[in-house]
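Peer 1: Chain by chain, the residues run as shown.
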Amino acid sequence: MQRIIIIFLCLLFLLIYTIPASSSSHTIFEKVQEHRLINGATVLLVERHNSPTVAAYISFRVGGVNETSQERGVAHLLEHMLFKGTKTLGTKDYAAEKPLLEKIKTVGQQIDVLRNRHDADPEEIQQLQDQLKGLQKEHRKLVVKNEFSKIYGENGGVGYNAFTGKDSTTYLINLPANKLELWAAIESDRLENAVFREFYTERDVVHEERRRSYESSPDGLMYETLLATAYKVHPYRNPVIGWNSDIDNLDPDQIRIFFEKYYTPVNMVITLVGDFDSEATLQMVEHYFGKLAPGVPVPPVVDKEPEQKGERRVTINFDAEQQLMIAYHKPAMPHKDDYVFDILLQILSEGRSSRLYKTLVVEKQLVTDVGVFTAPGSRYDNLMILSMTPRYGCSCTDIEDAVYVELDRLKSELLTSAELDVARKQIMTSILRGLEGNGGLARMLSSYQTLGDWHYLVDYEKQLNLVTAEDVMSATKRYLRADNRTVVTLIRGEN
Amino acid sequence: MRYFLYLLLIILLFGCSQTRLGQQERPDNLIFPALVFHFPEVTQQRLASGVKLYLKEDHELPLVNLTLLVEGGSIYDPLDKTGLSQFFAQSLSTGGTESLSPQQLETELEGMAAILTVSSSKYGYEIDLSLNRQDLKRGIEIFGELLRRPRFEAERVELVRAQLLENIHRRNDDPGSIAGRLLGEAIYPGHPFGAVPTAAMVNSFSRNDLLELHHRYFQPGHFWLAVSGDIQQSELVALLDQQFENWQTTESSPRELPPLPAAPAGKIILADKQIPQTTVLMGHPGISKDNPDVFALQVANYILGGGGFNSRMMREVRSDRGLAYSVYSYFQVGRRLPGLFIVSSETKCESTGEVVTLLKQLIRQIRDEPVSTAELDLAKASLINSFVFAFADSHSVVNRKVRLDYYDYPKDYLETYRQRIASVTIADVQRVAQQYLHPDNIQIVLVGDGQLYRDEIEKMDLPVETVDLQLTQ
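Protein sequence lines, in the order shown, are assigned to chains A and F. Here the working numbering is used: the first residue of the first sequence is 1, the next is one more, and so on. Here the working numbering is used: the first residue of the second sequence is 496, the next is one more, and so on.
Don't read these hints as lab results, they were simulated from the structure. There is no bait here: all hints are sound.
Straight-line C-alpha distance at most 16 angstroms; calculated EDC-like pairs for lysine to aspartate or glutamate:
1. Lys358(A) with Glu603(F)
2. Lys358(A) with Glu650(F)
3. Lys31(A) with Glu555(F)
4. Lys141(A) with Asp815(F)
5. Lys31(A) with Asp275(A)
6. Lys425(A) with Glu603(F)
7. Lys141(A) with Glu811(F)
8. Lys291(A) with Glu520(F)
9. Lys364(A) with Glu653(F)
10. Lys92(A) with Glu520(F)
11. Lys87(A) with Glu520(F)
12. Lys137(A) with Asp815(F)
Pulled from the structure, derived: some chain F residues nowhere near chain A, Cβ distances all over 12 angstroms:
13. Leu542
14. Asp575
15. Gly685
16. Pro692
17. Glu864
18. Lys906
19. Asn936
20. Asp950
This one's a predicted model, so the numbers in the text were calculated from it and none came from an experiment. Beta carbons are placed, not taken as given, at the ideal position from N, Cα and C, and that holds for glycine.
Could you build the full structure based on these sequences and the hints that come with them?
Peer 2: Given below as structure tokens:
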């Protein structure tokens, strides 16, 4: 099923499975061709002739983290709006449609203003809502529904999707190799001539997405609460989808401004992997995307999370069995300690021979599962998060104690060189597995280029090999402290 | 300096793009070269031990992937031992081998960065092993020993049992899995496909059960092995022959599948959970792969709810009304016995009645009215033109080939697939919709805050049954 999504899981996936590169992957990375268009767009091409298909990714260096408090949820709703067509696609008659879209916006904005006023007349709101419904109905007559999807569909495209993360936004599709020009034509048209149709209906869809992914899901609810607790200042604290009141007040004009500034060549990475001729493909990409105006670089986020000065604990009441998450602040790539954490993640929870699995699941039998990952992004300092599913009758306090004993052991006993070697081999092999398939390679190149430079992948193994047992011990002492910790428990509440 | 250059560019480019605007080409008017596509070759061989081996060499990356398919699965779970196949799969994967304790096995495989998983599905067990090329010899030795001489160490088996009990304890955490369970129970009463394990059943599984399942199914003559990656055929065959040497296969008794119960009368099943959104799951019995209408149904379902944003359900429920984020319909084409027809969505509790009514209307509509030529053409073109993605990576190529043979698909299934889709007509779509879609005889499961929609639901023309989730824990 196709879904226009975001959601943290996508990002987790990227972060867990697509960490960095290996010596055996170098032959593939040697095939990467990097180009810069005159308007600033980066183009990465990898010819791969295994099957007559192409994976096409377009990423922008902008995501939820770049939103101000007035803009929370903008990047994500924009992603939805960018599936609504252009001046030529998705419409029977754009000229007739345009004034109607303006009217819809005016009425919608009036409703939003009134809803925020305590003294608003409910009858007036109702009247406006009826008026909006009428206009929407009239507008629908001029709409050609989901035409991008239709054209990609009839041409054999699969996996047409997009996701908005904290650090970046990606639009992707896989096409039969002979249809690559279709992608270039549609995607460049969408960047140049996007029309935001059906805005207020789509805002409701986003509310449903929020209910589904966070409010009705114990995992989503815990994750959202964890971030909002561990971060006080940095925008990593906010859900990409926005809080409910954010979504209620998102406005089409605001989204348009965000779009025109940042979804532009200077912030854009195009990645194509598959069965094509690089030279001809580059020319085609230049022809379609070279005409776009460069745009404005996304400004760096200046908010800095102050050092945490003491443990934070939160309890969530929800209709589900208990769950536990523990998080520690840590630096992001390319900080040297980020490589140390890559090793640490393997040692702690990767596989049944990992330390936490052995202790918590097999020996003490306190939990049925334990996972450790980094989140919520990679551009700014992030978190190492431990997630545990307690066994029935086991107390979260006992589980926490057992976890802290294992973490403390890392502070007093050096890892053996055999342990380090295994962790490195596992990381390198997981990268290699990520390269199977055009989509995997495209996603990896695209995400690292968007974060900085895909050559990070080439250099990665060397950096990983420089990590010593002493580095691991020193990092655990520095970061895995009670003062730097956030603990979230979910329990069946009395409500 | 650089900034100035950008400014200049902006002006120039805006200029260029404006002249283009008036003559904006529609992307679907582009003309494309023909696609060159050949069915990838898969080498097939029956080994001396009886193993059916399928290989696709691929030397791009130094990795080797193996997937073994073995007869078995949940269809053979006795009703008083529901979940046994899952218990077996997890015990096999974690219980060690004759020469390696569970911990030795895990340490050795993880030291090679290998990934081993064992899973159970309706009609089989699947063992997956992913290896670095350099560890091939030792990896296949361990693989062979696990298949042939599993240890089922008591401590680990007890751990698996405890995990299954925990799953039972947590079965009401997630609304989607509650809905799936209740639908299965409603459609398949008294059949393994609808049965749900109880704590008493899980506690009754014995070591003897494990040994018996192993003895019955794990014999090289019943192995279907798909291998892809950086390996030569001769090398692979030598390694496998060594592992399976002198391992006799006894004649298997003919397969006996418990027949499915008759389709139940339509009803609505309500399960209350304190969440702001209702999971809507509807379903009734569908078809198996042997049904010649499977192609027409695929086209019909694409139009109804299978074609993502090109489907009517997505258009009506999500795009026009903003009532849901996810909505789709699906025919599970049963590999041996018929599978289910399913409709799934989630909507805020307040609009539950509206969504249920709308979904039923859409099913009725595709039965009552012919689809348009445009809808038919889009569905067919999409299914035909995306066919090439079935062959996009080596392991899925070889795995698919194994599955087609294991489930006795016609030999020319893949070669004729596109032609069969192309020949579906508007009349076919309506005929199969009428024959296989039953909006009045459907099970409708609703998991959410029932207070907000119960009254509305009770006005519908179907009996309503309420399930107390606390009693199912």
